[in-house]
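Participant: The listed protein sequences derive, respectively, from chains A and E.
Counting in the working numbering, the first sequence runs from 1 upward without gaps.
Counting in the working numbering, the second sequence runs from 1 upward without gaps.
To be clear, the hints were calculated from the coordinates, so they are not data collected in a lab.
Check each hint, because a few of them may be wrong.
[To be verified] Restraint-style ranges between C-beta atoms, simulated for each label pair: (1) E:V67 <-> A:G108: 44 to 50 Å; (2) E:G77 <-> A:G107: 50 to 56 Å; (3) A:R216 <-> E:P250: 28 to 34 Å; (4) E:N295 <-> A:D213: 50 to 56 Å; (5) E:P53 <-> A:D62: 28 to 34 Å; (6) E:G133 <-> A:D62: 19 to 25 Å; (7) E:D275 <-> A:M1: 50 to 56 Å; (8) A:Q236 <-> E:P255: 38 to 44 Å; (9) E:P142 <-> A:D85: 44 to 50 Å; (10) A:P257 <-> E:E160: 36 to 42 Å; (11) A:D213 <-> E:E290: 44 to 50 Å; (12) E:I85 <-> A:G86: 50 to 56 Å; (13) A:E156 <-> E:R115: 52 to 58 Å; (14) A:K99 <-> E:Q135: 38 to 44 Å.
Owing to the predicted nature of the structure, the values given are computational and were not obtained by experimental measurement.
Here a beta-carbon is modelled for each residue, glycine too, at the ideal position from N, C-alpha and C.
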Amino acid sequence: MIEVRFHGRGGQGAVTAVRILASALYLEGKYTQAIPMYGTERRGAPVVAFLRIGESRINERDLVHNPDIVVVLDPLLSRTVPVTDGLKEGGLIVMNFPKPGNEAGIGGRFRLATVDATGIALEALGRPITNTAMLGAFAKASGLVSLESLEKTLLEQWPGRLGEMNLRALRTAYERVTPPVDVSGIQALGKRPQEEIFSRDVSSWRIFKPQLDEGRCVGCRRCYIYCPEVAISMTQGKARVDYSSCKGCGICGEECPTGAISMIQEVL
Amino acid sequence: MSRPIPLHEIGEKEYIDPANQACQGCGGAIVSRLVSKALGDCFVRAEVACCGPAFMNIRAPSIYVEVFEGAGALMTGISRGLKRIGREDVVVLGIIGDGGTVDIGYQGLSAAAERNENILWVCYDNEAYMNTGGQKSGATTPYAATTTTPIGEYSRGKLERRKNVPLLMAMQGAPYVATASVAYPEDLLGKLVHAKGIKGFRYIHVSSPCPTGWGYDPKDTIKVARGMVQSGLWPLYEVSNGILKLNYKPKELKPVREVLKMQGRFRHLTDEEVDRIQGEVDAFWSRLVEKDGGNIF
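Pulled out of the complex, with its shape left as it was, chain A reads as follows (with noise of 0.2 Å):
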């Protein structure tokens, strides 16, 4: 049996990921389990879901606790909540992340391939919903289910327009994920301790940042009134963005009535 744990967003798909991928695989004759975690599921919050893989049938009913493979949708998690715990040793990691495996910050013996599933994502639906992407790339990089099976439960799930599209997203992903690189010589990156859940330290949610033009902006005090985070804030009559608690909604960018604001992708 093979067990697989998503990371995720809120927003980006990690519960129908699984349901797709057990589908997938369920047609391919295998015995397959999808669990959702219950929790408090916003949009932009860590997720996480489960999938269970068999080739008979599978009486554990439990969440995963030792995955041999793990899948990050964002590239930015890792930092945050810890995606290894639990991994079995020499076990797969595929993660969303623009660069090579050992500049992940992930260290270990396991082993990781990355594919840039927020910009397949972008291009593909116009929107930076990984999930399909990265169904993509776990096909090549586990080699455990076959990409017509997912292709062919893709367009089950959203026939016509919609389908297409993610269809595209996964067949880009499934070029373009690197080979999975041994990271058991790295030191893992900045994970915070895990008292400290409740930080106030937002910004690794977002995946645009607002950029002020000091210039255009004419002190009206729209972004700051429409602000859900107090991230900005008035200074001599000109909007001052703190990026710590920014989780780039793009509300301020949106509302100003100048274009002083615009949204502009965070580069790793």
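Let chain A serve as the given structure and place chain E on it in line with the hints.
Facilitator: Showing chain E alone in chain A's frame:
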């Protein structure tokens, strides 16, 4: 009647901590920030189950009770206790979701209004039980798709009309009742400041869009809220001692189609259904205009 507060008059001081655990673009987070800014230093907050306890990090004494229906009773207790110790200057505020107001908490709300308790009830209305994944509530707009009113062969979304709690409260004789929207902070703050100066039961119902449950891009929160007001789906009015006043009264309402089209929960609507919504909105709006400036009953 309230006086809108211009944006440049709004104070710099913040009463909530920066960043929270709410979704990106959460309307409720904007509500919590504006409400605390308007009330200033001197208030106590009551809360029941909703998204609020998870993210409304207001720097004020807050009391949370697990009983969903208990908001009215809880606020009554706080307000009576404050009266006993001679601190009637402290505003007893409840930021309660639409579930705790319109459905589950309605008996407590209605009873508190009947007794004319000295409390300020702010309902932040995201039109469903969004904390648990978006089940239909009494405040959900008709025809909306929610997890309990899904779209399928035999279901076309929510069928029932929405319960108009602001008008119900006004008919119960509450001294001050108002509706507001996050897209009109001047109006919302003006109403809160006005309500702060009144004794007795005050009720403000704030429309606060939910990007996750309503199915739109988080950046459009204000756009959707504004569209709701401009199309007449969410009229802004206040009822002060039985006299109704429309706060936003355009010459012509925008068609509802535009704002419905922005939201995923209305994606399934046929042209006839949109026309039916338009008809209902127009009928309610014309009655409001008729009553504007006069007694509501």
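Participant: Hint by hint, say whether it matches the structure.
Facilitator: Here is what the structure says about each hint:
no.: 1; hint: E:V67 <-> A:G108: 44 to 50 Å; result: holds, 46 Å
no.: 2; hint: E:G77 <-> A:G107: 50 to 56 Å; result: holds, 54 Å
no.: 3; hint: A:R216 <-> E:P250: 28 to 34 Å; result: holds, 29 Å
no.: 4; hint: E:N295 <-> A:D213: 50 to 56 Å; result: holds, 51 Å
no.: 5; hint: E:P53 <-> A:D62: 28 to 34 Å; result: holds, 29 Å
no.: 6; hint: E:G133 <-> A:D62: 19 to 25 Å; result: holds, 23 Å
no.: 7; hint: E:D275 <-> A:M1: 50 to 56 Å; result: holds, 55 Å
no.: 8; hint: A:Q236 <-> E:P255: 38 to 44 Å; result: holds, 42 Å
no.: 9; hint: E:P142 <-> A:D85: 44 to 50 Å; result: holds, 46 Å
no.: 10; hint: A:P257 <-> E:E160: 36 to 42 Å; result: holds, 39 Å
no.: 11; hint: A:D213 <-> E:E290: 44 to 50 Å; result: holds, 48 Å
no.: 12; hint: E:I85 <-> A:G86: 50 to 56 Å; result: holds, 53 Å
no.: 13; hint: A:E156 <-> E:R115: 52 to 58 Å; result: holds, 57 Å
no.: 14; hint: A:K99 <-> E:Q135: 38 to 44 Å; result: holds, 42 Å
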